[in-house]
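Number of protein chains: 2
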Amino acid sequence: MSQHNALYAQSGGVTSVINASACGLIQTARQHTDKIHKVFAARNGIIGALTEDLIDTSFESDSDIAALRYTPAGAFGSCRHKLGSFEKHRAQYERLIEVFAAHNIRYFFYNGGGDSQDTAYKVSQISQTLKYPITAIGIPKTIDNDLPFTDNSPGFGSVAKYVAVSIREAGLDVASMALTSTKIFVLEVMGRHTGWIAAASGLAHEKEGDAPHIILFPEIAFNAEKFLERVQQCVKKFGYCAIVASEGIHNADGSFISESGLVDAFGHKQLGGVAPVIANLIKEKLGYKYHWALADYLQRAARHIASKVDVEQSYALGKAAVELALAGKNAIMPIIVRDSNQPYRWSIGEAPLEKVANVEVKMPREYITEDGFGITPAGREYLLPLIQGEDYPPFHHGLPQYVQLKNKAVAKKLETSFQV
Amino acid sequence: MSQHNALYAQSGGVTSVINASACGLIQTARQHTDKIHKVFAARNGIIGALTEDLIDTSFESDSDIAALRYTPAGAFGSCRHKLGSFEKHRAQYERLIEVFAAHNIRYFFYNGGGDSQDTAYKVSQISQTLKYPITAIGIPKTIDNDLPFTDNSPGFGSVAKYVAVSIREAGLDVASMALTSTKIFVLEVMGRHTGWIAAASGLAHEKEGDAPHIILFPEIAFNAEKFLERVQQCVKKFGYCAIVASEGIHNADGSFISESGLVDAFGHKQLGGVAPVIANLIKEKLGYKYHWALADYLQRAARHIASKVDVEQSYALGKAAVELALAGKNAIMPIIVRDSNQPYRWSIGEAPLEKVANVEVKMPREYITEDGFGITPAGREYLLPLIQGEDYPPFHHGLPQYVQLKNKAVAKKLETSFQV
Numbered sequence: 001m002s003q004h005n006a007l008y009a010q011s012g013g014v015t016s017v018i019n020a021s022a023c024g025l026i027q028t029a030r031q032h033t034d035k036i037h038k039v040f041a042a043r044n045g046i047i048g049a050l051t052e053d054l055i056d057t058s059f060e061s062d063s064d065i066a067a068l069r070y071t072p073a074g075a076f077g078s079c080r081h082k083l084g085s086f087e088k089h090r091a092q093y094e095r096l097i098e099v100f101a102a103h104n105i106r107y108f109f110y111n112g113g114g115d116s117q118d119t120a121y122k123v124s125q126i127s128q129t130l131k132y133p134i135t136a137i138g139i140p141k142t143i144d145n146d147l148p149f150t151d152n153s154p155g156f157g158s159v160a161k162y163v164a165v166s167i168r169e170a171g172l173d174v175a176s177m178a179l180t181s182t183k184i185f186v187l188e189v190m191g192r193h194t195g196w197i198a199a200a201s202g203l204a205h206e207k208e209g210d211a212p213h214i215i216l217f218p219e220i221a222f223n224a225e226k227f228l229e230r231v232q233q234c235v236k237k238f239g240y241c242a243i244v245a246s247e248g249i250h251n252a253d254g255s256f257i258s259e260s261g262l263v264d265a266f267g268h269k270q271l272g273g274v275a276p277v278i279a280n281l282i283k284e285k286l287g288y289k290y291h292w293a294l295a296d297y298l299q300r301a302a303r304h305i306a307s308k309v310d311v312e313q314s315y316a317l318g319k320a321a322v323e324l325a326l327a328g329k330n331a332i333m334p335i336i337v338r339d340s341n342q343p344y345r346w347s348i349g350e351a352p353l354e355k356v357a358n359v360e361v362k363m364p365r366e367y368i369t370e371d372g373f374g375i376t377p378a379g380r381e382y383l384l385p386l387i388q389g390e391d392y393p394p395f396h397h398g399l400p401q402y403v404q405l406k407n408k409a410v411a412k413k414l415e416t417s418f419q420v
Numbered sequence: 001m002s003q004h005n006a007l008y009a010q011s012g013g014v015t016s017v018i019n020a021s022a023c024g025l026i027q028t029a030r031q032h033t034d035k036i037h038k039v040f041a042a043r044n045g046i047i048g049a050l051t052e053d054l055i056d057t058s059f060e061s062d063s064d065i066a067a068l069r070y071t072p073a074g075a076f077g078s079c080r081h082k083l084g085s086f087e088k089h090r091a092q093y094e095r096l097i098e099v100f101a102a103h104n105i106r107y108f109f110y111n112g113g114g115d116s117q118d119t120a121y122k123v124s125q126i127s128q129t130l131k132y133p134i135t136a137i138g139i140p141k142t143i144d145n146d147l148p149f150t151d152n153s154p155g156f157g158s159v160a161k162y163v164a165v166s167i168r169e170a171g172l173d174v175a176s177m178a179l180t181s182t183k184i185f186v187l188e189v190m191g192r193h194t195g196w197i198a199a200a201s202g203l204a205h206e207k208e209g210d211a212p213h214i215i216l217f218p219e220i221a222f223n224a225e226k227f228l229e230r231v232q233q234c235v236k237k238f239g240y241c242a243i244v245a246s247e248g249i250h251n252a253d254g255s256f257i258s259e260s261g262l263v264d265a266f267g268h269k270q271l272g273g274v275a276p277v278i279a280n281l282i283k284e285k286l287g288y289k290y291h292w293a294l295a296d297y298l299q300r301a302a303r304h305i306a307s308k309v310d311v312e313q314s315y316a317l318g319k320a321a322v323e324l325a326l327a328g329k330n331a332i333m334p335i336i337v338r339d340s341n342q343p344y345r346w347s348i349g350e351a352p353l354e355k356v357a358n359v360e361v362k363m364p365r366e367y368i369t370e371d372g373f374g375i376t377p378a379g380r381e382y383l384l385p386l387i388q389g390e391d392y393p394p395f396h397h398g399l400p401q402y403v404q405l406k407n408k409a410v411a412k413k414l415e416t417s418f419q420v
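Here the protein sequences come in this chain order: V and G. Each step along the first sequence adds one to the number in the numbering used here, with nothing skipped, and position 337 is 337. Each step along the second sequence adds one to the number in the numbering used here, with nothing skipped, and position 6 is 6.
Do not rely on the hints blindly, as some may be mistaken.
No copy is singled out in the list; a pair is fine if it fits within one copy or between any two copies.
Said to hold, decoys possible - Below, simulated DSBU-like cross-link-like pairs (lysine-lysine); rule was C-alpha separation at most 35 Å, straight line: (1) Lys35 <-> Lys207; (2) Lys362 <-> Lys283; (3) Lys207 <-> Lys308; (4) Lys355 <-> Lys283; (5) Lys131 <-> Lys329; (6) Lys308 <-> Lys406; (7) Lys35 <-> Lys285; (8) Lys131 <-> Lys236; (9) Lys226 <-> Lys412; (10) Lys413 <-> Lys226; (11) Lys406 <-> Lys82.
In short, the hints are calculated from the structure, not lab data.
Work the whole structure out from these sequences, hints included.
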């Protein structure tokens, strides 16, 4: 079998473990140099592929590649760019082939969420439509946990752990201060369409009285009256109330809470988030002193508190992508299969990219308690395995030592440029 | 020497390591039962002392007391309540003596910041003014790092580590996304009056291009034009700009930035923080897509990423408090003395409570770069030792296992109640 090169790229919002997939992929490819000569990385996702902005990862040392396993964010840059349809944007696909051919690329690995798997699928089809022998494998990734087929999405488990740890810690803080000071704490977490991340915070609630006392899900229309009543009950019973609110919560009419309240001095909306609106509502109606936090990127970048399970799965998916490609598979995505809950066991399966792309999986209603403010035992059973284990990065001088790759460019071979 | 009881209380905003001081104090007292019969804890700081709401820590197992070392927040509850002057509020002091006498309390340990040391000092004076033999020792604590005499304040080092780790991680995230998405990230951190915490984020900036690119200090009047120019430079040079803003930053006229922008639907101000105002200013003037985070209590509760040096110092100060009291000292506060920077060595000293109370130490101007946007080598030299080492709490089922004490109440002996 002759040697060809592979192209790997990262796409969409990055996570604390997407580089672990890159690590698994590159380390595995390095064990198969008889088939994969070099792994190139596209700088900034598919954009780098289109603009022939490629990185030669063979210049990275084995130890630097190993360090990707514990380095958050996208080591090669990511992008939010979706390939248009083949019919309307044929030039993009022809350009990709031009780049692939110029650099002897026969394997394409695209690491991303639902939109990105659509791109991976479209590339996989080039082999037929444009008669270029490319093998395209998608590698799943998204903190939103909304990909189909896979039991869970790499990146989600670590965000889940971060929010559960954070609300536990902040809850203890508020409990200490509640008698004479802050009684309300609102933590806003990501999840515009689904409440997976908000739900994960519920793992910290192991017994009555534990934070979080209330979780606000995008799946449940916000009912201010019912919410305030519950807040009041919590403060009376526990002395304080710790709330986790998904950024995507909305009113019964569908309008986002985050858009309902804040305007800046110029009258512009959408400045703030959900947390200040919720906190202020409580202050207005119940008079309690509040604090609120908005974790934003901290939650998806927090490699220092990543879930070990998440890291291992991310790595395994990168590894599997290479193995599947070398086994002659095309247009598929390796996935996580849950083999058992107790003890938690998982394995790698595969799903057809055609059916993965653009499907958004919702959180089952039965994971949310009937009152809409917490998670059920079923939800806990699903979520708990995903935050298991710690996988601390190495620290030096008090700070995590994340790797910065050389990212040496591959010399361009094409004389044409391409406008994305 | 006859046996008496001790009273310990926590005061002011809690930290991720104040319980480590409680741990050091109680463990040390348990080694001197010939002198200290029991350690009582006042529930919710001085309020518990005034209302005879005491906790008998002797019901806590040795292992639960040991677990205080890695449990954030205030295990006995804290408060924001300052004792009035002896002249005007004599009844409060007489009440304290009544409670002390009823429970054979001869040692008083007050764990808090500047305001709290004022309380500790006032209690220490009872021995003279009201002829009750009480020994009062202050134990320092504040994330604000603004206590005099002590080289640094327990609690600060861990917040410092949290913000430096967080901006490093979020910075990598933004760097990955910057080409096609977010170019600006603003992390708001605590520090209403001093920029110690904001400054600590600068430790993550080890070489050119590292986040944070800009730090906004309360010590430096905010100059929008100069700031925007720097943001623009960063984006041009590095592709993105990661900013850490202290909540206390203000305009040249002294008005807080946090109050300058946001109003809610009812026209109320002070809803949001500094971060959204700064982020929106950049969007308005430079057009860049932004994200922002407000860590709030997460930063001071984040025991999972505490500084080992901070934990050890907090423990040592609690231990020293007992040793000083048993050595016959009164009206003092054990402090951290920096013996050398390289290698970092510290020891315990002492300072008179009379001079500690109500003094707020500012950050030296020479720790801030001349342009006002970063920290100098001198600042780094001071800050770096304080974030050294990790001291992870034990995890169980994926989450840190923090202890919740029994906090069994001491039976009341007084027939009178007291309104605080």
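Status of each hint after checking the structure:
no.	hint	result
1	Lys35 <-> Lys207	neither (54 Å within a copy, 39 Å between copies)
2	Lys362 <-> Lys283	both (32 Å within a copy, 33 Å between copies)
3	Lys207 <-> Lys308	both (24 Å within a copy, 30 Å between copies)
4	Lys355 <-> Lys283	neither (47 Å within a copy, 38 Å between copies)
5	Lys131 <-> Lys329	within (17 Å within a copy, 88 Å between copies)
6	Lys308 <-> Lys406	both (27 Å within a copy, 32 Å between copies)
7	Lys35 <-> Lys285	neither (67 Å within a copy, 52 Å between copies)
8	Lys131 <-> Lys236	neither (69 Å within a copy, 41 Å between copies)
9	Lys226 <-> Lys412	neither (61 Å within a copy, 39 Å between copies)
10	Lys413 <-> Lys226	neither (64 Å within a copy, 43 Å between copies)
11	Lys406 <-> Lys82	within (27 Å within a copy, 56 Å between copies)
Violated hints, listed in ascending order, are 1, 4, 7, 8, 9, 10; each of the other numbered hints is respected by the structure.
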